[in-house]
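Asks: Sequence:
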Amino acid sequence: MQWLVIESDEGAVVGIAIIHFWPATGVAWVWDLTIEEKERGKGYGRTLVRGMISAAREMGARVLMDVEGPKRSGLADLYQKCGFRICGTNDRWFAGDKDATAVFYGYDL
21 MQWLVIESDE GAVVGIAIIH FWPATGVAWV WDLTIEEKER GKGYGRTLVR
71 GMISAAREMG ARVLMDVEGP KRSGLADLYQ KCGFRICGTN DRWFAGDKDA
121 TAVFYGYDL
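Convert by adding 20 to the 1-based position in the sequence shown; the result is the number in the working numbering.
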């Protein structure tokens with residue numbers, strides 16, 4: 021598991037990311053990617069995603085993956101701006117949720 025933290029120029033933590041690598045599958049999964057709401061739109065997200073990509077490569081992963089709901093979100097937009105692609109769906113991923121479909125985003129390393 022790898023934690024990444026990004027700070028503002030003033031030294032305040034403005035975002036974190038956590039990725040976990042499964043050697044058996046070669047997949048590094050994003051467990052968390054959070055940017056403080058007031059700090060969004062300043063490039064911290066893209067910088068943090070680049071850091072996750074670098075860390076996943078260093079771990080030996082062949083792909084970096086995350087899963088989101090079917091409704092467009094800022095995170096989905098960020099992933100696509102950073103070169104992730106939609107690589108699958110599962111209509112039973114979020115059990116009991118009225119929007120049970122999951123959309124998988126992948127970045128080939």
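I should point out that these hints are in silico values taken from the structure, not numbers from a laboratory. Think of the CB as a built atom: it goes at the ideal place given N, C-alpha and C, for glycine as much as any other residue. Keep in mind that the hints are not guaranteed to be accurate.
Claimed, not checked - With a straight-line cut-off of 16 angstroms between C-alpha atoms, the simulated EDC-like cross-links for lysine to aspartate or glutamate are:
no., residue 1, residue 2
1, Lys-101, Asp-128
2, Lys-62, Asp-29
3, Lys-62, Asp-97
4, Lys-58, Glu-78
5, Lys-91, Asp-111
Claimed, not checked - The following label-pair restraints were derived from C-beta to C-beta distances:
no., residue 1, residue 2, range
6, Thr-54, Asp-29, 30 to 38 angstroms
7, Gly-63, Ile-38, 34 to 42 angstroms
8, Ala-44, Ser-93, 26 to 34 angstroms
9, Gly-31, Thr-121, 38 to 46 angstroms
10, Ala-120, Thr-45, 21 to 29 angstroms
11, Ala-120, Ser-74, 12 to 20 angstroms
12, Thr-121, Gly-94, 14 to 22 angstroms
13, Ala-120, Pro-43, 13 to 21 angstroms
14, Ala-32, Ile-106, 27 to 35 angstroms
15, Arg-82, Lys-58, 18 to 26 angstroms
16, Glu-27, Asn-110, 15 to 23 angstroms
17, Val-87, Ile-36, 13 to 21 angstroms
Asks: All hints, please: hold or fail.
Replies: Hints and how they fare:
no., hint, result
1, Lys-101 x Asp-128, "14 angstroms, holds"
2, Lys-62 x Asp-29, "12 angstroms, holds"
3, Lys-62 x Asp-97, "15 angstroms, holds"
4, Lys-58 x Glu-78, "31 angstroms, violated"
5, Lys-91 x Asp-111, "13 angstroms, holds"
6, Thr-54 x Asp-29: 30 to 38 angstroms, "19 angstroms, violated"
7, Gly-63 x Ile-38: 34 to 42 angstroms, "20 angstroms, violated"
8, Ala-44 x Ser-93: 26 to 34 angstroms, "30 angstroms, holds"
9, Gly-31 x Thr-121: 38 to 46 angstroms, "41 angstroms, holds"
10, Ala-120 x Thr-45: 21 to 29 angstroms, "23 angstroms, holds"
11, Ala-120 x Ser-74: 12 to 20 angstroms, "33 angstroms, violated"
12, Thr-121 x Gly-94: 14 to 22 angstroms, "19 angstroms, holds"
13, Ala-120 x Pro-43: 13 to 21 angstroms, "30 angstroms, violated"
14, Ala-32 x Ile-106: 27 to 35 angstroms, "33 angstroms, holds"
15, Arg-82 x Lys-58: 18 to 26 angstroms, "36 angstroms, violated"
16, Glu-27 x Asn-110: 15 to 23 angstroms, "36 angstroms, violated"
17, Val-87 x Ile-36: 13 to 21 angstroms, "18 angstroms, holds"
The earlier numbered hints that this structure contradicts are 4, 6, 7, 11, 13, 15, 16.
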